[in-house]
Each structure stands twice: as structure tokens, then as C-alpha cells.
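Keeping their order, the protein sequence lines are chains A, B and C. Sequential numbering from 1 applies to the first sequence in the working numbering. Sequential numbering from 275 applies to the second sequence in the working numbering. Sequential numbering from 1009 applies to the third sequence in the working numbering.
Think of the hints as simulated: they come from the structure by calculation, not from any bench. None of these values were measured; they are calculated from a predicted model. Mixed in with the good hints there might be a few duds.
[As the list claims (entries may be wrong)] Listed next, with one range per pair, are the computed distances between beta-carbon atoms:
| # | chain 1 | residue 1 | chain 2 | residue 2 | range |
| --- | --- | --- | --- | --- | --- |
| 1 | C | 1125 | A | 194 | 32 to 38 Å |
| 2 | A | 172 | B | 543 | 54 to 60 Å |
| 3 | A | 113 | C | 1153 | 23 to 29 Å |
| 4 | A | 5 | B | 543 | 29 to 35 Å |
| 5 | B | 671 | C | 1119 | 58 to 64 Å |
| 6 | C | 1120 | B | 349 | 31 to 37 Å |
| 7 | B | 364 | A | 5 | 55 to 61 Å |
| 8 | C | 1038 | A | 194 | 31 to 37 Å |
[Stated by the list, open to error] Computed footprint of chain A on chain C; a stretch qualifies when at least three of its residues, placed anywhere within it, have a C-beta under 8 Å from a C-beta of chain A:
| # | region |
| --- | --- |
| 9 | 1022-1029 |
| 10 | 1068-1082 |
| 11 | 1087-1096 |
We put the CB at the ideal spot given by N, CA and C, even for glycine.
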Amino acid sequence: MELLRPSSVAEIDGGVFVHGGTEVVPLLREGLLEAERLVDVRGIVPRGVRDGVIGAGTTLAELEAEPGIPDALREASRLGASPQLRNMGSLGGNLLQETRCWYWRLGYDCRLHGGDRCHAREGEHREHAIFANGFCASAHPSDVAAALVALGALLRTNRREFPVEELYRLPDEGNRSTTTLEDGELLLEVELPQVQASTYLKAMDRKRWAFPQVGVAAARHADGSTRIALAGVAPIPWRIDGIDALDSVTPLPRTEWKVPLARALVHRALSALG
Amino acid sequence: MARLIRTEKEVEGRFEEVWIVVEEDPLEQWPEGPLAVVGRPAARQDGPLRVRGEARYTADLKLLGMLHAAVLRSPHAHARAQRIDLGPAFELPGVRAAIGPGEAHGLEEEAGFAGAAVAAVAADTFAQARAGVEAIEVEWEELEVVLDPDDAVKRGLLTDLEPRRYERGDIERALAEADVVVEATYRTQTVLHNSLETHQAVCEWQGDVLHVYISTQYIWGIRQAVADTLGLPEDKVRVVCEFMGGGFGSKNSPDEYTYIAAELAKRTGRPVRCALTRREEHTSAGNRNATIQRLRAGARSDGTIVALDGEFTNSVGWSGWNASTEGPMRMLYDCENVRTVTYGAQLNTPPMKAFRAPGFVEGTFGLECLVDEVAARLDVDPLELRRRNYANSNEGTPFSSKNLEDCYRRAEPHWERRHEVRASSDATWKRGVGMASQIWYGGGGPPSYAWVRLGSDGRATVITAMQDIGTGTRTAMAQIAAEELGLPLEHVDVVLGDSARGPYASISAGSSTLPSMGPAVRAAAADAREQVEDIAEQRGLAKGTPLEEIVGVLEESQILGKGARGPNPTGMSVLTFGVHVVEVAVDVETGEIVVERVAAIHDVGRIVNPLGASSQVEGGVIQGIGHTLSEQRLLDPETGRILTTSLDAYRMPTIADVPEIICEFVDRPDEHLTNLGSKGLGEPPIVPIAAAIANAVRDATGADVHELPISREEMLRALEAAKQKEKRGAPAAV
Amino acid sequence: MSELRLTVNGGEHVLDAPVGTSLAHVLREELGLTGTKIACNEGHCGACTVQVDGVPRLSCITLAHAIDGEVTTIEGLRDHPLVDAFVRADAVQCGFCTPGQVVSAAALVAANPQPTQEEIRHAMAGNICRCGTYPKIEEAILSWQD
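Start from the sequences, fold in the hints, and give me the full structure.
And the structure:
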């Protein structure tokens, strides 16, 4: 394996991108990711916050300490992972992290790995999804992703610009990926519109350092509209229009419990917005 | 004069009779209360080494030429390796040896659980060894997998041949005549030790002597088991463990990694390390087994518990032993009619191992929650109910000491807070207070020996071949020797951790370290002291002459004291007692439980080091909180493979989860127990915490939780059930 | 193999190691600095915490070839007053997590010499202690300047 460190996008010639390494390094070690070439993109991806534009290389710890960013993003950063991981992990990397589903992480030949079963649906799924779980029941673990969806963030890559929701897609028979980035496409920046208020509430089973059982991000936008997005409830960050969306959940037998929890948190998030 | 005595010894609730040789005269116990050194807070002697990272653990050992072993483990929950070809491993770079079933103890052809060891490879690096393991070709014949404990019991698949039965009185009549009968089923989950230093050993042959460096709780047990298994005289096995990174009961025996390392070291002529990875630690290093407890209690309206009946199903796993989940039901209360049956279900899951009060943690959860349900039904205060059923003997056998009533008295001010705590509830957060009692073993036993060496500089060295598993053994032993010799603590060193350098020492498990080794150290120090007094008399020195002056003439001569742990008191039960009073807050909309305050009051005889003792209590409480709220080993129901194999999935408490912990000790020596009067404290603090939390949850919300962990799922279920019950007109328990 | 230059505790090192080698492995195996412990080797426990330019990171999932900055391990902090504070407070039991705790704590008090209990809990939540020494660790950090 070789490790390259280009200083511009033009120098990139294939390889697996790595920034903080908190996801890539363990995945490589477990054999869930293979790479002949690692490309350290810290020299390319912007880092830091400037006029509402956040470099994708900004660490969660930096976001946690950043005064000018919306509450939802700050809370999502603050409550994610552990201090060491927040020091290492980048915003971009966090958006692209894989599910924590134990079957996926243990290399079962499940749908996300290209196989033809969802082992969780039929087996142990108590930490899994309550929406969009017919094909794959995995839950998306990123707090920050839910916050950015609620905030209506715009992503900029080395090729395109698009709303953050379009970074994600539900896996299907023809394509098992949960993200839409193309080969060689690199997240560079996140641009946030001004919002009136935002919040992020996270339920975990210990006080710190756990993935969201349910995470609720909510933001009231300049036009008065409210956007809500949930972590931990679907294979991708899940946008809902309002609390009534929880009437159309499709929980599995052992994810039923997430429904009242989600309901309570959505209600509280909306109340917090005032 | 040497006397040979037969005496009873207990470890982890299992009893055996042992022969011991007693040489010295019995010493009188010290009086109660802090003495010059014993009973006063002492910082750990080895603290600076550990804090600075200078302590060498087995994981840090690097011997010249050392090879690394990796283990092939069964991916199937039940299978036979019909054909194994180690050949392909040898083709890979760095591979020096490979062994299969039968070639080392613990490598088996029949794998009874996913994670069972089948083969192993030694190579220059761990990565090469792993590659070697992956290259091994195995043809598996898959066999029937049994995962459900009730199913196993029905089919008679038990790890002991028979269930364990116990009965006293007339249970059916007592239940029939009771004013109130409460029946409930409680379930506890499989919990993993997850010590931070994984299980590992480095083995090196020097001629015909095997040196075993191992992360262990029982140096002498390793020596004996390895010698026995390999057919060696015990003196040809040396076991070393100076620092180890946690055990909690899981490191009492050699296990396959030790034998793998020994065999590969023999074949290659080089030292071999065999260390479990964290993933293997989750699958193959033991666990506290899950339990199902079907319980009934009958009581009179005056609060007397007249009947206790329990059917306990322990999910032991492929092998292991049938822990005494019924122990608390048998022993904690003065109840005339008790019946228990305990099944050890044999399943295709990893074998259980002792984990900090095995059986009693699980059984106390069931029993103490049941008792609170009785209290609720009778509308009797839970503390009062426990007092009314206080046992003054252990089924007729007197206690060597029991100060549980003192614990209850000290619990009163904490228990009084419940009115104030409940009143602080609001619409979202309900607050309540719960309590639970604790009974457990802790008397230790013989044999254990120590030597004390005094030089002309007036410094003493205590020599034992003991291990210090993090409980502060070194420091406590130094305190005892210092007290007996009249020396300042800084003038006493303790040397431990090597079976070649010191006499037999007991296991550090079953809360038996201090009560076993402490008296031996005192006896050794007393022996040395007596010799010093003889010298002082011969030199015509006045009483009170400092020790340094007395021995100052010795130059190269030394005074050698030796001591042994004497017998246990006969005809008495040596047990520990305590009570926890816990305050919780429950968010009734989200099911979040926050443990806010724990008052932990323990009666374990004389406290030698109050500083170290409080750390044991805090540690046990926090570990217990993990058991109660967030830890759980999960299996894939289809294949029987473990799904929670990493620490992101198996979640233990962080510093953010810690409540206020108030720690109190009765600190009264057990006058019948040894020259020290101390019992062990390692396990008592973890025993009652789960029940106290569950009872506090009921007090706060009226909801009955019957399952551990009390996950959000379980809490929300219980809240909903309480709501439904209230709708139907039945009042929720208060 | 690939050449690697590291500054550790103020000393310069030049080594050869294959790309993919972790910083923890290099520290322990190549430099003999065994104070940094590996307990999980996948970033889930914090025992391997070191500082890079004063910032706590997990060395077990840090690529040795991708380090920008100076590494400080527990060996480089052996004379820090926190060490004494930990010993006095009895903030150590088996000790396997302790070096990582001290490294995280040292970074905390460098930025914030008098942290509140809340701040301590937030900053130290990435260092698991199975023995449950947390209350004493908190006390050590509250009293480190005494």
C-alpha cells in the first residue's frame, strides 16, 4: 500500500481518500475496505469556517468550538464520538461514514455488501431503522449529517454543487451504495444558509460516545419554514415534514421502541425552536 | 510446632476442604479503628509506575526472538473440523510453526461455540501469523446449534448432569397460607468482562523449565494447571505476573492461549506470545451468563416473608459451571420455607467464566426486586421489610460477624431523602429512591504464605508470589507489615508477581486476596518482629528502641520472618454484607435513566486502606451501572455468532455516566476471622446496585422493570405497562 | 517499506515501516515506548491516546506516515504535576488505561487549568476505564494544582 499526499485536485489519480482516518483506517484493517493507494487529502480539502462556508476538512472539535455556526451543527458535533475522535475526524468524513450495523461491520454478505439478504431484518435488529427499511434495515449513524439536512446545507465537491440530501440515496437492487459521490469526487466545502434557530437532540444509551439511537435536528429557516431530519432511523439521514410523518413508520418488531422516542424528541425539538 | 489441619475454604461460592500446615502461634487481632498505619489512607506504592506508564504488563513484554501466535477459531456455533490442512500456512512468509486440534490443550476438533479455538500459527509478526491462520484449510461439518436456554433445559442439555435443588420447610403450604403471593420473572443479560489488557501469555522454555508470563489473577493456579496439563513437575513451571490490566474473574485459569504459546515455543525453540485481540476478547474470553429467574414470594400482611420459591436457568454455554444464582434467595433473609432449582443450560455459546460475584449479582437483582414488589403489595416500607426479615444465622450456622443492621442504620439518612427526591420530580423527569441489600462471601482461606526480610538498614521487604490485579494488594500488604513491625510505611517494600521468588499465594478472586494473604503477611512480620525483640533483649536494649537501631549491627546478616494463613473459623459462616441506596431520574417520554446518587454502605470487617477500599466500591458500583443500563452481548439468532464484538457495540460506562457515590464502611473487625479480621471487598460493591437502580426506577415511575439491561426499550415498555395498569384501575406501585 | 520521520517527546526519529503501520505500533515496537497501551486497536477505548501538537488523538488508528506535528506520549509527561495528583487521589487501579487518561487530562488542563466537573466529564469521556476509577480521576484533575 502506498500513501500519497497531493497538494491539488489535479494531482489526484485514483486511490482511496483519507483525511482524519477514523473510518478508513479501521475499515482497512478489518478488510471491509481495500486499497492499494491511500490519498491523504488534507493538503487539498479546505479547513476552517469563513463567512458561513465550512471547509469539509474542519474537525468536529473545531466545529464544536466555532462560535458562528448554527446550534444544530454545534450540538451534533459536540455530542458525536469522543474528544479524541472529534480532534481527528473531519466534517466530510463524518458525512461519509458507513453504518454501524453489526452484520455489515462483521462482513456478512448482506445487501450493502452486494448480497441478497438483510440479516438484520430477519435477525438481531434492535438498533436499526424504522423508516425505509424494506431492502436494508441499517441506521445512519451521523449526527452531523442530520443537522446539515435540517439546515439545508449546500455541498461543494471538486465536480458539483448540490443540496446535502442529494449526497445520500437509499440502496436498491441495482446499486447498493448509500452515497452518490462518483469515483474521484471529493467533498470540499459546506455552505449554510442563515437560519433563525436550530437544535439537535440526541438519544444515546450512555451519556457520551455512542451512536444515535434517535437523533433529531430541526431548523427554522428565514422563510419561516421548518426542516426536520433524523439520524439513527433509516439507512440515510431521514428528512420528515413534521411530527405526523411518524405515523407512517415501518418499524421492525424490535425497533418499535424507537417510535415513541422519536416522537418525543421531534416534539421537543420543535418546542425548542419556539 | 507444625500442625496439620483440615479446614474449609470457599472461592466464588464454591466450597472445598483443604489441608494446611500451621506453624506459628495465633496472634491477637489489633483493636478496632485506625491504627498507626493500618486503617489509614495510603497512596498506592506502585501508583507512580502505573500512572507514568512505566509498569510492565504482559502486553509490554518483548523477548529476543519472540514470535507471535494467531488462533484459528470456529466461525460456526457448533461444528466439527473434519479435515484440517495446516500446509498452506507454512507457505507464507514468516510462519514458523502451526498446530491443530489435540496438539495443544484447548485446540479441539469439535467447536462448541463460535470462537472456539481449533488451530494456531506462530510467525515473526502478528500480521503474518494472522495471514497464516487465514490460509489454513478447514472442512467443517456443521452440527445442531442450541441457543435457547429453556429449550436446552427441556431437552436435558445441562452442563452439570442434574439441576441443583434445594429445599427447606414446606414451600407449598407456606405459599398457600400466605396473605400475599407475588410472582415475577426476571431476566439478566450476558455481560462481558472486557478487561482492558486482553488475555495473553508469553511462553519461553529455558531447558526443561517453562517460563510463563501471563496476565492472570492466579499465579499459582496457572503453575499448577500448566504443570498438570503438560505433565511437568510444578517446579519446572515458573509463572510471572507483576502487573496486569484487569481480570474481574476472567483470568483465573490458563486457557488455550497459554497452552498454544507453550507448545509453539517448544516447537520453534523461541519465546511465543499468544494474545487475544479485542474481538476475541468479546467472543472467547468468558462472560457473566444470562439468567432467567422465575420467582415467587409469599408474605404475611405483617411483612414476614414466609415463602421464597425460585426456578433459575443459567445460560452457562458450551462449558463452565452452574453459578449460584439462587444463593441470595437462600441466604439473605430469615425465611423458613425456601425452594430453589437451578439449571445450568448447555448451549452453543461461549462458556461462562466467573465475573465479580457470579450468580449473586444476577440473583440479587431478581430477589431484591421481588422483595420490593412484596413491600409495595403490603404497603410496607422496603427498608422496614428487610429489617423484619433479618437473618441472625445462615440457616442455623452462626455468622463469624454480621453488621447488616448497622448498614441499615447508616442507610437511614440516605433513605430519608426519598421524600425530597420524589418531590423534585416534574412532568418529564420523575425521581425516586430505591435500595437493595447485599450478601456474598469474602473470608478467603488458606493456604497463603509470606516472607519478611529485614536488613541492617531497618527496611523491610515483604516477599510473596502474589499478584496485584489492580486492587492495591501491594500497598495493603505493606501497611500490614509496617503496622506489625512498627515501621513507617515508606520503609516497607513489597515484592510480588513471580512464582520463582516467593511462596504460595492465593487467587485474587472471590474477594479473597486481603483475607487470605493479609494474615500471612502479618504472621511473617510478627515472626520477624519477635526475632528483633530477641536481639534487643540479648543486646540489653530498652523497650521502645527503634527497630533500625536494634538491627543496625547486623551488617550483612538478615532477619527472615515467615508466616502462613491460618485456618478459617469452624462452624461459622464468613460472609459480607451491605446495602445500596440509589437515586434515579427517569425521563418518562424518552425512557432515559440517569443514576444521580449512590450511597454504598459495606460491612467487610476491618478496612486496611480506606483510600483503596473506596476505589473498590466506586469501581464496583460503576461496573454495576454498566451491567444495569447499557452493556449487552448480543448473538445472531440464526448462526449463534456474537454480533457485539467491539467496544463501540458493547458499551461500558464512561466518566460522563458516573453518579455521586458516597461510600461508607462499618469497619468493624471480624473477631473470629484470622489475625486481621478483614474480609474481601472486591465483589460486594457490584452485587446490589442493579436491584437498587431498578427499585429506584419503580419508586420514581411506578413501572416494574424485569430485565437487564434497563434499555430504553425495556424502560418504555415498563412505563407503558404501568400506564395501562393504571388505566385499568389498579394503582401503580408506589 | 517506507521511510518515516517522527518527533516524539522532543526527540527526532527516522524509521522504516510499511505504510499502514499505526503510530501506536511504532511507539511501542520500534521506539520501545510501551507506556502507550493498545487495548482495542480500533479507536473504541482511548487507552492509546497520545498528543500531536498538544491535541489528544488515538494512536492506534493514526497512520504513522501521516503525522503532521510533534508527538507527546505519557513518557513525555512523566514529570507533569498530574502524575502526582493521580497518585494522591488514588486515580489508578489496574493502571492499563491510566497513561491515556493522563495524556487527555494534560491536554485539558493546558487549555483550561481549572475545569469544572462538567468540563472534565466532557473532555475525558473518550478514555474508558473498566475498573471504574472515574471519580478519583475527576478528583485528580480538580486538584492537580494543589
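For each hint, the structure was consulted:
no.	hint	result
1	C/1125 x A/194: 32 to 38 Å	holds (36 Å)
2	A/172 x B/543: 54 to 60 Å	holds (58 Å)
3	A/113 x C/1153: 23 to 29 Å	violated (53 Å)
4	A/5 x B/543: 29 to 35 Å	violated (44 Å)
5	B/671 x C/1119: 58 to 64 Å	holds (59 Å)
6	C/1120 x B/349: 31 to 37 Å	violated (48 Å)
7	B/364 x A/5: 55 to 61 Å	violated (39 Å)
8	C/1038 x A/194: 31 to 37 Å	violated (51 Å)
9	1022-1029	holds (count 3)
10	1068-1082	holds (count 6)
11	1087-1096	violated (count 0)
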